[in-house]
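Next come the chains, spelled out residue by residue.
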Amino acid sequence: MSQETKETILSPDPANIATINFGPTHPSTHGIFQNILKVDGEKIISSEQTVGYIHRAFEKLAERRPYNQITPITDRLNYCSSPINNIGWEMTVEKLLGVEIPKRVQYMRVIIMELARIADHLICNSVIGVDAGALTSFFYPFSEREKIYELYEELSGARLTTNMGRIGGFERDFNPVFHQKLQSFLKTFPKAFEEFDSMLARNRIFMDRTKGAGPISAERALSYSFSGPNLRATGVDYDVRLMNPYSSYEDFDFIVPVGVNGDTYDRFMVRQEEIRQSLRIIEQAYKNLPEGDYKADLPDFYLPPKAEVYNNMEALIYHFKIIMGETELPVGEVYHAVEGGNGELGYYLISDGGRTPYRLQFRRPCFIYYQAYPEMIKGMPISDAVLTLSSINVIAGELDA
Amino acid sequence: MDKKNNHDYLSAIQERFGSEVLAHEESFGMLNVELTPSKIHDAIAWLQADQELSVNYLTNIAGVHYPEALGREFAVVYQLHSWKNNIRLRIKGYLPKENLHIASITDLFDGANWMERETYDFFGIQFDGHPDLRRILNMDDMDYFPMRKEYVLEDATREDKDDRFFGRNNIEQ
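First to last, the sequence lines map onto chains A and B.
Under this note's numbering, the residues of the first sequence are numbered 1 to 401, in order.
Under this note's numbering, the residues of the second sequence are numbered 402 to 574, in order.
Calculated lysine-lysine pairs in the PhoX-like style (CA-CA distance at most 25 Å, straight line):
#1 A:Lys-60 - B:Lys-498
#2 A:Lys-181 - A:Lys-103
#3 B:Lys-405 - A:Lys-95
#4 A:Lys-95 - A:Lys-60
#5 A:Lys-60 - B:Lys-550
Over 10 Å on every C-beta distance to chain B, these chain A residues come out as not near it, computed from the model:
#6 His-30
#7 Lys-181
#8 Gln-183
#9 Phe-252
#10 Asp-293
#11 Pro-305
#12 Ser-383
Simulated from the structure, these hints should not be mistaken for lab results.
The beta-carbon is built from N, C-alpha and C at its ideal position, and this holds for glycine as well.
The shape of chain A in the complex, shown without the other chains (with noise of 0.2 Å):
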């Protein structure tokens, strides 16, 4: 939309305004979220938000839950990338405990990490083309996106809700069929992925109905504390990776891309190429992937496996101290953060040495950057707010906890 139909809000008459909702379940919202739209015509003149339909009380559940059992509810937060979550939280109980972490698990984490980034902006960017009027481009990423699944399915048998990794590591290593699917993805998506962005990235429709959707100045998202793609589509070009480098990110070679004007296209294009950028990291990754063990040896955390467990002394004993939580946990504060696939995705842990955290603190980038959306649609045509909504990426899950 251009900049003079932004300016042509007409002047409010009470009788022209409709109230609409949008939401809580539309089928562009991609999740349970309601606006209260006020519109004159088309034009939304201002919009209230409403979240909270799924709030699961994560933080009060983690109260009650020993470490290793906290992994799961960090599943269900940005579910399309769920591996990133588990990891981060892993690290930051690694943080606590002041582990060090062989090189190869950190390889592997950033496989996965990278792996889980390409899911989420594949869903994020081929729904915007959903809802510019594209649903053709949806289906081509989708075949990808099965096999990174695929991929987590080797490595935790599961797909969605992945409880990827073990506090000190992964469960198992990579298995020959890891190897094989994962080699096989590094080759055919390059090609897949361009066939994607050749039907949208140069797509005249597609350009003209994202360009000026929903745009945001890299001030006003600043102050907004915007993180992820959504802060470097406005040219800014913070990204955690780079700032606090976890899990060996300084040994790669990758650049962040940013954008110009922080509307939606600007949000597609950054997610495109970091998604070539994740590409890279994992090529880089996987060739250079160590030698080594695929997880730390800390009995006290990672429980040994069963089969030694029924025929060894130690493990038994170890494994019943893990279950029964008879482990001295350091007393103290962390904050981890790490850049999921939404932003700065943080845990910050209050121990006091108990079983459980004593607090536990989810920075959710969604949540964040999610006030800022009445905003960014303010004097826009309805079809806009919903093309900003899907290019924000707000996942219910992580919006609410």
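Fit chain B to the known structure of chain A by using the hints.
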């Protein structure tokens, strides 16, 4: 250009706020500074405006409930980030349960709006000057603040999940 470290931040804050700095420590590489609650708004405004310290990003706001700490039952924790120096720091204010008021920082960071609403929703902390302090994730007609420690998750008659089983033998309920 030399980047400032935690120590520089601490001494700058101490120099500026002197006796308002009630406690400080470094935990896991992150500076924690406890300030008089009434000074927190000024402190964050000053940290944000200062060219050298340049604390430009509000990471999050957290509430914490410490029912045993008399006169300082509730903590409000602000996690801030200076990109220029790549320093993360925590500013903490402790409030007594009788007077849960602290100045809102929505005038400094727009993103604080929902963070403060969330903290209000779960702990009942009143952010004075907030434009629209309502519940956000819970229902509007909820009549308690669920993250406070007195509201336990399980049925109170259950004995297999009391605090003894979570490594806290010394806490009397």
